[in-house]
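J.: Model the full structure from these sequences, guided by the hints.
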Amino acid sequence: MTTFDIVLGSFLVSALRSATPLVFVLVGETLVQRTGSINLGVEGQMLVGAMAGYGAAALWGDPWLGLVAGAVAGMLLSSVHGLLTLAARANQFASGLAVWMLGFGLSAYYGAGLVGRKIEGFGTWRGAGPDSVPVLGPIVAGMTPTVLLALVVAPAVAWWFWRTRTGLVWRAVGESPEAARAAGLRPIRVRLQAILLGGLLSGLGGAALSVDHTRTWAEGMTAGRGLVAVGLVIVARWNPWWVLPTALLFGGAEALALRLQTADAGVSAHLLLTLPYITSLAVLTLTCLRDRGQAAPAGLRAVMDR
Amino acid sequence: MHLQLRSIAKRFGAILAVDGVDLDVDGGEVLALLGENGAGKSTLMKLLYGVHRPDAGQVTIDGRATRIDSPRDAMASGIGMVFQQFSVIPALTVRENLALAHASTPWFTGRGARRATAGLAPLAAIAPDVPMDARVSSLSVGQMQLVELAKALQQDPRLLILDEPTAVLGDDEVRRLWSLIRGFATRGLAVVLITHKLADVAACADRVAVMRRGRVVASGAARDFDATRLLRTMVGERDLAAPSTAPLPADAPTRVWIRGLSARGPGSRIDGVDLRIARGEVLGIAGVSGHGQDVLADACAGVLSPDAGEVIVDGETLFAPRQRAPRAGRVAYIPEQPIRNAVAPDLPLALNLHLDRLHTLPAIPDRRRMEADARALLTRFDVRPADPTMAAGRLSGGNLQKLVAARELCGAPALVVASHPTMGLDLAASAFLYHQLFALAQAGSAVLWISEDLDDLLHHAHRIAVLHRGRIAGVVPADQRHRQTIGAWMTGHADAEAA
Ligand SMILES: Nc1ncnc2c1ncn2[C@@H]1O[C@H](COP(=O)(O)OP(=O)(O)OP(=O)(O)O)[C@@H](O)[C@H]1O
Ligand SMILES: [Mg+2]
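Chains A and B supply the protein sequences, listed in that same order. The numbers in the working numbering rise by one with no breaks, and the one at position 256 of the first sequence is 256. The numbers in the working numbering rise by one with no breaks, and the one at position 455 of the second sequence is 455.
Hints may be right or wrong, so weigh each one.
As the list claims (entries may be wrong) - Distance windows between CB atoms, simulated: (1) A:G224 to B:A125: 52 to 58 Å; (2) B:D156 to A:W241: 49 to 55 Å; (3) A:W241 to B:G236: 44 to 50 Å; (4) B:A328 to A:C288: 23 to 29 Å; (5) A:N91 to B:T491: 32 to 38 Å; (6) A:A94 to B:L355: 27 to 33 Å; (7) B:D19 to A:G224: 51 to 57 Å; (8) B:V476 to A:N91: 57 to 63 Å; (9) A:L273 to B:G393: 42 to 48 Å; (10) B:D69 to A:A94: 38 to 44 Å; (11) B:G260 to A:W241: 37 to 43 Å; (12) A:C288 to B:F108: 32 to 38 Å; (13) B:D133 to A:C288: 55 to 61 Å; (14) A:C288 to B:R229: 58 to 64 Å.
Unchecked claim - Negatives, chain B to chain A, calculated, CB over 10 Å: (15) P71; (16) M75; (17) G110.
These are calculated hints, taken from the structure and not from any lab test. The beta-carbon is built from N, C-alpha and C at its ideal position, and this holds for glycine as well.
T.: Shown next, in the form of structure tokens:
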């Protein structure tokens, strides 16, 4: 096996791994926006998920329980956003920001005792012997359960979204809440469900980050990934099928930036860290040029009233 | 089913849209609900369908007091409705729209809802030629209307509400709809038919109710209301001067030349359309809907960029492939479906009236002046309420149409493209609009007038061109003698000179 294979293989692995938390968050936010609302609180939900997940894993010593706890925490926090916007009719951007801050504060407060604690992470499939296969070997060896879960969740949700009755209902609500209501559906309920599912997935994403990817907890450790997901939904054309490639693009650029940084390429580290954002922006511009922004669900632009 | 409405009232802000209405509808009969624009017909029916909630009043179905809080409740009580401003979702396919509401759609619907077949029967029965897997946005307005109707029928309603269904349909489609409606009544359904057309009343109504300013001012058996009495109840003692076009001088110079125009729209296309319109001429475009009328209108108004050809106005090419001159002031355009294509529903009326010349406004527009101008224009075109600060989306269907007409017809355009300009207008408003349109022609504009109403075209246009499959099948002077020829062209019989 050549060095090149190893380098390529391990690069792909790190791309996959850094994309994984993003996949969950992105799937969730895509569904939220597809039903016609925008949740800026995902960052806070991710943080709460990361903290709760890490705490649960530290407490019970089981990373799986960590993932579950993270998902539940994310969903609980998103229910605040759901109630504020749908029941109390608060402005969704104000509510999203509030939830973000709330998540930040809560996770910092309850997470203070977790800083520096060690947890038992997931094992990898090392020693199973596929190391000798070029490129694929390192990838298989580097797989973790959350990576696999992400690789399953994204297409599964996409399939559900485009091929089932509930998916159709969700799409209809996002296109026109009034028309959906006239057809006897309940747009408010659907939006709430989407927000809760989005919360669950962003909490899961946060937990995947702390429990599996970094295996540490630090205050504010998501570093804007949640907010990035809100924007990457546009790169993914509001289409769950495009979530995986989009997240991989972002993760790949992130992994590349890290490589270049360690290789000491002579470029400022601060500039290198903008690479993922610039790549996404470039792709966004190209795709928008092609379809002129036609992919956005119409309901995102409309105002719901009765 | 027996439906009873008692003292129903609904207020929107300062406007009392429905003001204590009593109404009865029985199974097996068709009730025609008439009344001027803004009378409250749509609002009353939306109250019954649960879109809005009444402020006061009672709904009784078969002797039982019923509360209808949402369309879901209405559907459960056996009420179905076809909306004036459609409720089909343009971004979804026909099949998906139908699968959406049908109770027996399976959980796994497959790609494009292809496994959902249960709800398709009504559409197959009333409009077998509508493409099931096309996006609704690519359908013609008439086809959308039929999909809308099929969607309501799917639920097997006992009371069917149709809000101006004939406004957008062609002659043949209207006749088909009439017989469908009569069929529903024979099957025992109660039907409420909102309309402005006296022909609809004559063809299928059993009873008539006329609304004015939120109240029912007259009702009774349809046979007691002949055309004259209906007209008087609807428009009062005002005289409706019949609009007419001035004869065209034989030597009128060409003002607009649509030269070899080809363009593609979402659902249809036009191919090498070549027409000349003289100064002062009203050229009618007849044809079955979906044969390229919307594309022709969009391309002539510069909304759609053509693939080939050009639109020449006063000797200057305005629109051609990759060339689009600003149309403001020179080309007036009343598109079909103004709510989707010509107004910003969330913006106030004053801004909507200035939409086409926003770039000519000063950097800080003088709001008071804009509103004063708007108020004058609104009053002139009788848009009610004439409140420049109201959001356009709150206007009634007919008043919305008047709003667009007011904006487009207030200047001195060289070319007027009017697509179904009287759609949804009451009789007085239609007459007024025709007056405005023909006055513009008399002042020298060239008018391209697209309509499905052959009688209107024959009455008022100078010449009629027939559009079939995106091509001009022929052009004749507007004269009753050519009726048969036009009919033959419309159905694709290339030459019917023999007729
Ligand atoms: N959502 C709303 N908000 C505020 N006002 C409204 C709203 N809907 C309707 N109105 C007002 O209520 C009145 C009645 O409107 P409605 O749509 O019922 O008239 P209509 O009889 O259906 O007229 P048309 O023949 O033009 O369709 C109008 O003055 C209209 O501006
Ligand atoms: Mg109406």
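J.: Indicate, hint by hint, whether the structure satisfies it.
T.: Status of each hint after checking the structure:
no., hint, verdict
1, A:G224 to B:A125: 52 to 58 Å, "56 Å, holds"
2, B:D156 to A:W241: 49 to 55 Å, "36 Å, violated"
3, A:W241 to B:G236: 44 to 50 Å, "60 Å, violated"
4, B:A328 to A:C288: 23 to 29 Å, "28 Å, holds"
5, A:N91 to B:T491: 32 to 38 Å, "55 Å, violated"
6, A:A94 to B:L355: 27 to 33 Å, "30 Å, holds"
7, B:D19 to A:G224: 51 to 57 Å, "56 Å, holds"
8, B:V476 to A:N91: 57 to 63 Å, "59 Å, holds"
9, A:L273 to B:G393: 42 to 48 Å, "46 Å, holds"
10, B:D69 to A:A94: 38 to 44 Å, "29 Å, violated"
11, B:G260 to A:W241: 37 to 43 Å, "42 Å, holds"
12, A:C288 to B:F108: 32 to 38 Å, "33 Å, holds"
13, B:D133 to A:C288: 55 to 61 Å, "27 Å, violated"
14, A:C288 to B:R229: 58 to 64 Å, "59 Å, holds"
15, P71, "5 Å, violated"
16, M75, "5 Å, violated"
17, G110, "6 Å, violated"
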